[in-house]
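A.B. asks: Add chain S to chain F, keeping to what the hints say.
Chain residues, written in single-letter form:
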Amino acid sequence: MNNYEIVVIGGGPAGLAAAIEARKNGVKKILLIERDRELGGILQQCIHNGFGLHIFKEELTGPEYAERYIQELITMGIEYKLNTMVIEITKNRQITAINTIDGIMHIQGKAIILAMGCRERTRGAVRIPGTRPAGILTAGMAQRFVNMEGYMIGKRIIILGSGDIGLIMARRLTLEGAQVLAVAEIMPFSGGLTRNIVQCLEDYNIPLFLSHTVVDIEGQDRVKAVTIAKVDKNSIPIKGTEKRFECDTLLLSVGLIPENELSKCAGIELDKVTGGSIVNESMETSIEGIFACGNVVHVHDLVDWVTEESKRAGKSAAKYVKGESTGRYKVINIKGINGVRYVIPQLLRVKNITESINLMMRVDNIYKNIKFIVKGNGQKIKEIKRAHVAPGEIETIKITLNELTYRDYNEISVEIVKEEA
Amino acid sequence: MFDVAVIGAGITGTFIARELSKYQLRVLMIEKDNDIANGTTKANSAIVHAGYDVLQGTLKAQLNVKGNKMYEEVCRELQVPFKRIGSLVIAFNNNEIKLLEELYKRGLSNGVPDMEILSRERVLALEPNLNDDVIGALYAKTAGIVGPWELAIALAENALENGVELFLNSTVTGIKKIKDFYCVKAGNQDINTKLVINCAGIYADKINDMVSDIHFKMLPFKGEYNLFDKNAGDMVNTIIFRCPSDAGKGVVILPTVHGNLLIGPTSELVDSKDALQTTSEGLKFIQQHTKLTLKGINFGNVITSFTGLRAKTMLHDFIIEEAEDALGFINVAGIDSPGLTAAPAIAEYVLNLIKHRLGNIQKNEKFSSSRRPNINFMELSVEEKRKIIQKDPKFGRIICRCEGITEGEIIDVIHRKPGAKTLDGVKRRARPGSGRCQGGFCTPRVMEIIARELGIDITEVVKDGLDSYILTGETK
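Protein chains in written order, with the numbering used here: chain F, 10 to 430; chain S, 5 to 480.
The hints are simulated quantities; they were obtained by calculation from the structure and are not laboratory data.
Being a predicted model, the structure only gives us computed values, none of them experimental.
The reader is advised that the hints may include incorrect statements.
As a list, the in silico EDC-like pairs of lysine to aspartate or glutamate whose alpha-carbon atoms are at most 20 Å apart [unchecked claim]:
{"hint": "1", "chain 1": "S", "residue 1": "277", "chain 2": "F", "residue 2": "225"}
{"hint": "2", "chain 1": "F", "residue 1": "164", "chain 2": "S", "residue 2": "471"}
{"hint": "3", "chain 1": "S", "residue 1": "145", "chain 2": "S", "residue 2": "77"}
{"hint": "4", "chain 1": "S", "residue 1": "234", "chain 2": "F", "residue 2": "97"}
{"hint": "5", "chain 1": "S", "residue 1": "367", "chain 2": "S", "residue 2": "383"}
Bound conformation, chain F alone (with noise of 0.2 Å):
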């Protein structure tokens, strides 16, 4: 058995902020395990900018964003794993790994951070109806094939669902020389960012058909056509409004899901509504010493975001370690209502909080002109008033400690509520 103080689990944007958080805070004994061949997460295949703009003020490429957490951990001398696969997670913190070089791998961790990301929803959860042909592939799997591996995925394309990563991949195909015939998105909006959809597809002239979804593949090799409908209000296709491409490819940037496999082999509590564990203020789960950042807590629209949280993770691990532990004060419940569909943290507990802590949310529909109005028990502690929120992009709200124990609370809310005109 192997020991370590921390092991994170993915190398990714969070796996990679958490451990170097962690060794600034004092910890030294720390492993990284990643699955892939390098360090740096799906950030590597993002080659486009507009990452840090927040956390380094410039626009960075995502294999440059990466590149700077992963000249900081090697120069740290962060041990690190890669082509390693954590096959087990037990609550006791047991990791079961392997690899080609040091085979089966049983380590143990006094604390874990779950750092594993998000993985993306498939044409069978979505259950599009047609023939099973070659040509139908998730944008992030068109991204890496493209961008990392340098080979092309077709030549007409459709694109269902308007999620930032379809929208990348629309001009990128079309900068490679594809047409992108349309992007398809069965909601009345898009999932994806504002800037995304004006730099994506505006400026490429792509037309963009929100409530429609794709009603039949054609093709019984390759992809020959696809046809998509306009949906009612419920989701549902209506007669009459089908209009059919013909083209070689289908991509799918229908939603992403966190990935929790390994959390539930070790019996953490997850969230319905957001796929990720449960997570307190200090990114801690269900289960004492496991902490959880990243895309694999909640999907989020900004790496920045993920980073931030990731750093508040790996501080909160060390703590744990250093037996500085965060104790079994009182919890406090944070939910979303009235159109927020979740918070992150779910829990809190304000023992913990030195000055102030973020709240991250997401809306479930567009909202123009609205007021975020926090509760706790019942009476309003705050509200923010926003212009314009939408799904696709992340909320936060930040509560100061003193707003925190005005009262003595059991429950805190965010709901939305419409400006008086």
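C.D. replies: Leaving out everything else, chain S in the frame of chain F:
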């Protein structure tokens, strides 16, 4: 000159070929597709039926019950997953209880052992996720589940190792009788053979018409399915059938041998033998009918949908006989349900027809009934895992995260007989890409391994059929 040419390498074709490899015969399997088990065998309910459902006195009844009994042995010999988990036909009213009694009686006369009619309490104890208004069920303990394409692939491998030959990508376009043998035109080859066995599934009528003036027509009946994530695999413990009613048979709900949940099929006569698409109507039908049977099922856990075509005829029974006007041409047609169950018995039955035609045939003394063990890394003990990685480090590299499939396993199935040459071929044999992410992460890696092992360029790696290219070239 071949002694026997088997047209079609699905479950019946491969069972027959393997059976014939026990004798000193020169046998050839001819397959139109790029891989074996690529038609109905890869898209069906994967059930080994008990045999109470089929009408008494039919060939189906005889071969179903017999075939069911043969499954343990062949699956043990070839190391193919098979589980005798039992089946329930569930009833929701008294009319349906009467139907159960009829099925029970039919089962007895068909010779089905180990059947029992269960009370509501016992049904719910066995299957707590069934809707509470269930009032009874027919329990048949001998029903089971199997990996159909894994079985066909294993049978083919075993047959090939015992001397059978295989031509892939060889569509049969004509068969001519020449004196006392046949000349089969397949792909660009002319194949001379004494006997022809027609196992062409939904194309069996086309093959028959090349030789015989006694016609039958294949009626492709489409069946759509949903396959669920393993997290839904324990929703049921047995195979759950609804009572047949005027509104049809509803859907069957069962766990697969790999621990997923499978629900389907729909049933619809289609006019095309290429009608392999799923439809929104079909998927809606599955969802509605599942909710009549099961509580708390989440269709967000579906990982894939697929369609298969049943090889039905108007006769409602198997056609397994030598064509009257074409001696030496044997039809094995109309093999719809319970065809998978009956397949081992069909092979024996066909062997007897062949013996009748060829006279005394010599046993193949070198026949080996087993194949090189299949490696399933995740099912090995820690010690075995350690050993195999030491021997070959490629078993230490997990390629498919969802199913835990190693590079070593993928390389193994590429170099077996008949080896996997395509993405789907690897998936059917070793399972990378059959998990919840459906190849989202592992597809580029698996393609890289296929290209390297076969010495081809990655852009030449196809999904399944020859024209199912995945990459269109290099980037700028």
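A.B. asks: Among all the numbered hints in the text so far, which are the ones the structure does not match?
C.D. replies: 5
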